[in-house]
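**Student:** I would like the entire structure built from these sequences, with the hints used as guidance.
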Amino acid sequence: MLDFFNNTQTIHMIIIIGSMALFFIGFYGIATQKNLVKVLVSFDIMESALFLFFIGLHYQVGLVAPIVDKNLKTFTGMVDPVPQAMILTTIVIGLAVLALGLSFGIEYYKLTGRNDISKMNELRD
Amino acid sequence: MNLKKVLPLKHIVLSLLSSALLLSVVGILMQVKTDMFKNVGAIYLNLNMQTAAANAVTSVVTFFRGIDTVGEVTVLFLATSGVALMLSATQRTCDKVVKQESFVLNAGSKLLLSVIILFGVYVIIHGHLSPGGGFQGGVVIATAFLLLFLANPNMKLSHGILTLGESLSGATYVLVVIIGLFKMNILLGNFLPHPIGEIGELISGGIIPVVYILVGIKVGSEMSVIVEYFVKEDYYKEVCDA
Numbered sequence: 005m006l007d008f009f010n011n012t013q014t015i016h017m018i019i020i021i022g023s024m025a026l027f028f029i030g031f032y033g034i035a036t037q038k039n040l041v042k043v044l045v046s047f048d049i050m051e052s053a054l055f056l057f058f059i060g061l062h063y064q065v066g067l068v069a070p071i072v073d074k075n076l077k078t079f080t081g082m083v084d085p086v087p088q089a090m091i092l093t094t095i096v097i098g099l100a101v102l103a104l105g106l107s108f109g110i111e112y113y114k115l116t117g118r119n120d121i122s123k124m125n126e127l128r129d
Numbered sequence: 009m010n011l012k013k014v015l016p017l018k019h020i021v022l023s024l025l026s027s028a029l030l031l032s033v034v035g036i037l038m039q040v041k042t043d044m045f046k047n048v049g050a051i052y053l054n055l056n057m058q059t060a061a062a063n064a065v066t067s068v069v070t071f072f073r074g075i076d077t078v079g080e081v082t083v084l085f086l087a088t089s090g091v092a093l094m095l096s097a098t099q100r101t102c103d104k105v106v107k108q109e110s111f112v113l114n115a116g117s118k119l120l121l122s123v124i125i126l127f128g129v130y131v132i133i134h135g136h137l138s139p140g141g142g143f144q145g146g147v148v149i150a151t152a153f154l155l156l157f158l159a160n161p162n163m164k165l166s167h168g169i170l171t172l173g174e175s176l177s178g179a180t181y182v183l184v185v186i187i188g189l190f191k192m193n194i195l196l197g198n199f200l201p202h203p204i205g206e207i208g209e210l211i212s213g214g215i216i217p218v219v220y221i222l223v224g225i226k227v228g229s230e231m232s233v234i235v236e237y238f239v240k241e242d243y244y245k246e247v248c249d250a
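Chains as they are written, first to last, in the numbering used here: chain P, 5 to 129; chain A, 9 to 250.
Please note that a few of the clues may not be correct.
[As the list claims (entries may be wrong)] Derived lysine-lysine pairs resembling BS3-like cross-links, with alpha carbons at most 25 Å apart:
#	chain 1	residue 1	chain 2	residue 2
1	P	K42	A	K245
2	P	K123	A	K13
3	A	K18	P	K42
4	A	K18	P	K38
5	P	K123	P	K74
6	A	K118	A	K164
7	A	K164	A	K104
8	A	K107	A	K240
9	A	K18	P	K123
10	P	K123	P	K42
11	A	K240	A	K118
12	P	K42	A	K107
13	A	K104	A	K118
14	A	K191	A	K104
15	A	K18	A	K104
16	P	K114	A	K118
17	A	K104	P	K114
18	P	K38	A	K13
19	A	K13	A	K104
20	P	K42	A	K13
21	A	K245	P	K114
22	A	K107	A	K13
23	A	K107	A	K118
24	P	K38	P	K123
25	A	K104	A	K240
26	P	K77	P	K123
27	A	K107	A	K164
28	P	K114	A	K240
Hints listed in this document are in silico derivations from the structure and should not be mistaken for laboratory results.
**Tutor:** This is the structure in structure tokens:
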């Protein structure tokens with residue numbers, strides 16, 4: 005039973021289906037929710053799905069994390085370090101964007117007393 | 009119970025649309041073969057013995073793709089400035105003090121603070137040897153201050169010290185980038201003597217630990233400022249109205 009999962013192709017298939025399901029849960033949240041905070045949280049769920057997707061798709065069975073130690077002296081048989089480094093950048097940018105968006109949301113709520121995105125029509129007048 | 013009120017038609021249509029998009033995207037992604045992205049990573053892994061950092065991800069982040077990290081730190085700085093500007097514009101402040109309820113909570117949080125900060129510093133300075141680094145360690149340090157805010161609502165951070173640490177570390181990071189240009193003819197050149205001793209020791213890797221320590225100080229102070237602004241938003245609202 006567990007040998008079935010010890011296969012790169014199977015793991016990639018599970019990761020693609022799972023992360024894309026998570027991505028479209030976030031998409032559904034953005035499309036249906038009216039609360040500003042819930043929309044921002046949905047954005048964060050979509051981001052998490054992309055992180056899982058990129059990191060997971062570059063895992064291969066039999067390769068180890070790209071770190072040398074006492075037992076492993078050379079950089080061979082390791083997974084690709086580039087997607088991990090890029091996702092590290094993306095996580096920090098996502099955190100910055102979420103903090104800035106939440107502060108905009110708090111400010112909007114303080115000024116107008118509302119957080120419903122379907123009633124945001126201040127620019128019309 | 010009215011089904012239409014619980015689950016409106018719009019939500020059903022949108023969930024069906026999301027599912028259709030999901031199926032098509034998964035169908036496209038199933039065709040992708042990961043063999044086609046192997047080249048860059050293999051080149052970086054081969055070059056990694058030159059940087060003398062045991063963690064290949066760290067050397068990609070701070071050396072091979074180091075200029076990206078400079079931009080990333082700039083984005084984080086701009087976001088922190090935006091949060092501070094937005095929330096301080098309308099944040100009502102007052103000098104009222106809440107009575108501290110529990111002695112155990114107060115003393116325990118101060119005891120834990122030093123341990124969490126020590127762990128954050130450990131994660132930062134071992135960034136080139138083990139998983140972790142400046143960004144992760146900086147966020148760990150910010151969680152120590154979050155614990156302090158949750159335990160003692162009257163706590164205030166000294167913005168002078170935080171701004172000083174943030175500005176000095178950011179300026180030193182840019183200086184390191186420019187010194188690399190003058191000494192090694194490339195931006196962010198590894199100008200410190202780097203294969204000292206064996207790979208995997210604490211003092212190895214040239215400028216990589218230096219860069220990560222600077223990034224750690226910068227991220228720690230920025231995250232603490234963001235945490236303070238978001239926590240104080242609730243605190244002032246409750247205290248000043250009472």
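**Student:** If a hint holds in the structure, say so; if it does not, say that too.
**Tutor:** Now for the hints, and whether the structure bears them out:
{"no.": "1", "hint": "P:K42 - A:K245", "result": "holds, 22 Å"}
{"no.": "2", "hint": "P:K123 - A:K13", "result": "holds, 20 Å"}
{"no.": "3", "hint": "A:K18 - P:K42", "result": "holds, 18 Å"}
{"no.": "4", "hint": "A:K18 - P:K38", "result": "holds, 13 Å"}
{"no.": "5", "hint": "P:K123 - P:K74", "result": "violated, 61 Å"}
{"no.": "6", "hint": "A:K118 - A:K164", "result": "holds, 14 Å"}
{"no.": "7", "hint": "A:K164 - A:K104", "result": "holds, 13 Å"}
{"no.": "8", "hint": "A:K107 - A:K240", "result": "holds, 16 Å"}
{"no.": "9", "hint": "A:K18 - P:K123", "result": "holds, 18 Å"}
{"no.": "10", "hint": "P:K123 - P:K42", "result": "holds, 15 Å"}
{"no.": "11", "hint": "A:K240 - A:K118", "result": "holds, 19 Å"}
{"no.": "12", "hint": "P:K42 - A:K107", "result": "violated, 34 Å"}
{"no.": "13", "hint": "A:K104 - A:K118", "result": "holds, 22 Å"}
{"no.": "14", "hint": "A:K191 - A:K104", "result": "violated, 55 Å"}
{"no.": "15", "hint": "A:K18 - A:K104", "result": "violated, 48 Å"}
{"no.": "16", "hint": "P:K114 - A:K118", "result": "violated, 33 Å"}
{"no.": "17", "hint": "A:K104 - P:K114", "result": "holds, 21 Å"}
{"no.": "18", "hint": "P:K38 - A:K13", "result": "holds, 16 Å"}
{"no.": "19", "hint": "A:K13 - A:K104", "result": "violated, 46 Å"}
{"no.": "20", "hint": "P:K42 - A:K13", "result": "holds, 20 Å"}
{"no.": "21", "hint": "A:K245 - P:K114", "result": "holds, 11 Å"}
{"no.": "22", "hint": "A:K107 - A:K13", "result": "violated, 46 Å"}
{"no.": "23", "hint": "A:K107 - A:K118", "result": "holds, 17 Å"}
{"no.": "24", "hint": "P:K38 - P:K123", "result": "holds, 9 Å"}
{"no.": "25", "hint": "A:K104 - A:K240", "result": "holds, 13 Å"}
{"no.": "26", "hint": "P:K77 - P:K123", "result": "violated, 61 Å"}
{"no.": "27", "hint": "A:K107 - A:K164", "result": "holds, 15 Å"}
{"no.": "28", "hint": "P:K114 - A:K240", "result": "holds, 14 Å"}
The structure fails hints 5, 12, 14, 15, 16, 19, 22 and 26 (numbered hints given earlier, in ascending order).
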